[in-house]
Amino acid sequence: MSADAGEVFDLGYRGYEGQRAGRWSRRDAIWRDGIRASLGLGRGVGGKVAPWLLLGLVLIPMVVLVVVAAFVGPATDPNDFELPSYADYHGWAMVPLGLFAAVVAPLLICPDRRDGVLTLYAARPITPTDYIGARWAAFLTVALGAVWLPEAVLFVWNVLDARSPGTFLVHNWDVVPRILLAGALLASVLATLGLLVATFATRRAYATVAMLAVLFIGSALGGIAEDDFSGGVADAVSLVSLPQTLDDAVHWIFGDEGDRPVPGGVSFAFLVGLTIVLAAWLVRRAKRLLRG
Amino acid sequence: MALLRARELTKTYGSLRALDRVSFEIDEGITGLLGSNGAGKSTSLKLFLGLIEPDGGSAEVLGEDPRRSPEYRARVGYAPEHDCLPRDVSAAEFLAYMARISGLPATAARLRASDVLRHVGLFEERYRSMGTYSTGMKQRVKLAQALVHDPLVAFLDEPTAGLDPLGRREMLELIRRVGGEFGISIVISTHLMGDVERACDSVVVLDAGRLLRTGRVSGFTEETETLELELVEGADQVAAELRRRGLAPRLDGRRLLLEDVSGHEYDVVRDAVVDVGALLYRLAPARHSLADVFAGEAKGDDSPDTARETSG
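Top to bottom, those sequences are chains A and B.
This note's numbering numbers the first residue of the first sequence as 9 and each following residue consecutively.
This note's numbering numbers the first residue of the second sequence as 25 and each following residue consecutively.
Next up, chain B with everything else stripped away, as it sits in the complex (with noise of 0.2 Å):
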């Protein structure tokens, strides 16, 4: 059974259409929701909790509607995207306080409230109030709150928002481990690629609230993975030498790039570079980037912007 269904979801605000009959599934493991701002990613994560209705179809959590009752809420986390800490309050009694609030007794939420600031990295820190904790803190306080009642799955909503490169690493990496390691599955909606490369399985692309594709992540990029040489000199006699033997590069000056290779071919391609006598500068896969498959798929779209955008 898919962990969360949508069916001909429709979302609309006065004029605008947040989502427009969007279908698809996603299966366990880590998820990302990607989309330009505006591309219906906030608006799905609301529809799947429940916290508003759908002008159409549904949204479906392990098998149920989540309208019907809130206590399916028990098994799932959401951290928003804006501030959503009490300042004057510290980490450790807030978190045992989320916890209660989803059913954990007392003393086991206090327990758990702990464990889980533990591996976010904030042990030492969780006495401290919420207020005083820098962006960084905050986004790890947020994840915890979300994984603090041990959930099935965990919404974040642009966890890696108002981080600098080092501090995303380390949050993408332990959404890694969190849906790794700690067997909670993850959706996380995000306008950045190199986030969802980074850290998930599968990826759901909206545009404009519209569905554009849906897949595993490896599955995108090596659909289209390349092999690219670069040669000081004689790339000339190489492509022709390559033709020969029966493949296809395509000469960009210096370059060449070989489409839909595999092993056997790097043999091929070595064996031709000998044979020639050709300088050889660098020869390495271009495995594609997402960015790079959509800006090929919005070539045929007649919203040519989506893929600039969300490569941003």
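Bound conformation, chain A alone (with noise of 0.2 Å):
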């Protein structure tokens, strides 16, 4: 006999008899997840201009440079137009990538914690830990793509523009690993320290603005301290100011220090232990926002 056309088959419930995956699964899941949310996809018009318009900033500007120096030739003389180092060039990408981290990163916590989401989190087979590692890493893979991505094409375009590309690669090789530091730095700082600022708001607007607070306030404090005292303790009271800080530890990493009151490399170290801090705090707020 053979079945209608129109007929209708009613399936019943059909339990899931497959495979379970394990936990690295679940991560991935709320990673990718992550990054979904950082970019706006899957979300109307509205969710995506902000990441974009910042990603945009961080590398549209190298691009429009390389094009520059294509067409006007190299340099010859000082007031000739000159492609910025890529220790520069980091200082300034902060900028679009610190607003990156006070609009986006509160896009991957806030939403969550607003609708209540974080109850279902927290009866899922997942920890705490899982889900603000998971977070954290997409944050931080979607940071690292937009502070590495111009100053690859930089490094792409000084080979290209080299009289022997294979020579100075013999000669500059040693650029890879420092970018590779450089972009790690600064998108980790970033990352940790604009999630942990969006665990402590509901709603995206206050986490924005605080995260600006932290490094306009810190960059305030450091440039008094710089300006008005002198010494180890002004020196001390200056790493606060966070991009000044990492502009230092940058300019360590790429062997290019010239004269700066703190010694990059205590920028850098300090950087470092600031991450861990924050990152381990940041675990623990996870901990009470999702058991709370």
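What the hints contain is simulated information worked out from the structure, not anything from laboratory work.
Glycine included, every Cβ here is placed at the ideal spot set by N, Cα and C.
Careful: at least some of the hints might be erroneous.
[Stated by the list, open to error] Facing chain B, from chain A, some residues (calculated, C-beta under 7 Å):
1. 23
2. 28
3. 29
4. 34
5. 37
6. 41
7. 123
8. 127
9. 128
10. 130
11. 131
12. 132
13. 133
14. 135
Two independent chains are provided; combine them into the complex using the hints.
Set out below in structure tokens:
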């Protein structure tokens, strides 16, 4: 007997008999969701504007500079157009990237908290550390992409523009690990701080303002310490100016220190320590939010 | 083996005893956790999920301590009482995501998400963002996300909260279907007796952090079955005739109440009414509601408000 074309089958309920994946697969799901949220994928046009605008501000100036350099040709005179150094471009990228951390990091935490979704995460087979770790990794992934890509463009251009790309590579291979390390430092400081600040706010706007306040107030304090005081105490206080400290550490990584009140190595060690402390605090916050 | 077991379970918040040495077992099927606000229902659910630590005693799910490992939560579902759905995501995407976090592979997660949304009646609306859903639809998504990973048991905290009478009836029917056809055990917490009577097989009654009673819902109501006769006239004569025939009717105006009657006594009542020639207006089993059961019980209790509050 053949079934009529219009016949409706009620399949009834079917349980799930298949394989159940392990813990890494669950973390991977949260990580993917975090990346989609960071980039506004699956959200409306409004959700895409801020992340893509800020990511564009990190990448596009470098592309424009490289295109200009291609037309202008190599510099022969000090007044000629010259491409920025790797370290200097980090100084520029820090501004849109800081804004990106202020605006986008809250997207990964605040809506979950505001809409009560954290309760559902808590009732799933994951721990608070799984949740916050995967969220952190997601934001870090996007931030790393944003900070490494323009530096990679600059490096590839420098290789192609060299008289002998092979020789250039042999002499300048050490730039690659420096780019990776500087980007990783910048991205992990901003990701950890941005997410930690976001765990204290239920509304995204508050988290954004708070993050900007942390960056600006630190900057202002650091500036006051440098201008009006001197000595070891002033140098220690000036470390809280994150943009300045990051800039110092990045220049130190590229071996381009110049004249700075605090040695770049100290700034670097301070930032690594700070990130570890902030990360531990972030895990504690996640435990409170998911178990509270 | 019991599905859930509470042993001397105790939880305090500051000076408040949310649960005070409560012991009970819950078997497969649909169980109601009944009690007024502050009775300890939500606290019990959270302890069974391992979301909070008990201050004493233990809560076991499938013979395991839920705090030991998060793994067991792959086979447990939970729908909280409050809002828990992201506004700017579609139900299909959200459910697939929740299934993946519970360990289903991506393709299976998407299939199950659609399938479960069809069962709760949201197949057409599954690609709309959930911010546009009505309260009834949100309650259905909350139920669906608790079932999407095919758990052995799902905890539903006040699943009928905020629903109109029709929505409430549909939700309870859906819960009965899940418990029956889907074979997923359900524990619902509610302060509504009606919900328990309509949907549950068993009930655990909590009051101010203590266990009041536990047992089968049908047992609760059957054991006190009463036959009610309402007569236009001749109630006195019928009462006298029934006493002569060995029954013990209670006269209440034109009404006669007979406690604990069974099949044979119905015949006796019929014959008595015919012999006296009384005018019968109504003859019906006055099957006791759970509210009456607890009203009777609370008389001897030191907190007489219990039954009245829980009957709301």
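Against the structure, the hints:
Interface restraint check: residue 23(A) against chain B, minimum CB-CB distance 5 Å, threshold 7 Å, status holds. A cut of 7 Å between beta carbons decides the hint on residue 28(A): the least distance to chain B is about 4 Å, and the hint holds. Restraint check, residue 29(A) versus chain B: the minimum CB separation of about 5 Å is within 7 Å; hint holds. Annotation: residue 34(A) was flagged as interfacial toward chain B, and the flag holds, the nearest CB pair being 5 Å apart, inside 7 Å.
The restraint placing residue 37(A) at the interface with chain B holds, with a minimum CB-CB distance near 4 Å, inside the 7 Å limit. Given hint, residue 41(A) at the interface with chain B, holds; its Cβ is 6 Å from that chain's nearest Cβ, closer than 7 Å. Against a cut-off of 7 Å between C-beta atoms, the interface hint on residue 123(A) holds, since the closest Cβ of chain B lies about 5 Å away. Taking 7 Å as the C-beta contact cut-off toward chain B, the hint placing residue 127(A) at the interface holds, the least distance being around 5 Å.
Interface restraint check: residue 128(A) against chain B, minimum CB-CB distance 5 Å, threshold 7 Å, status holds. Below 7 Å, beta-carbon pairs count as interface contacts, and residue 130(A) has one with chain B at about 5 Å; its hint therefore holds. Given the 7 Å rule on beta carbons, the hint for residue 131(A) holds: about 4 Å separates it from the nearest Cβ of chain B. Nearest Cβ of chain B to the Cβ of residue 132(A): about 5 Å, under the 7 Å cut. The hint holds.
Residue-level restraint check for residue 133(A) holds (minimum Cβ-Cβ distance to chain B is 4 Å; threshold 7 Å). Nearest Cβ of chain B to the Cβ of residue 135(A): about 6 Å, under the 7 Å cut. The hint holds.
Comparing the model with each numbered hint stated earlier shows that all of them hold.
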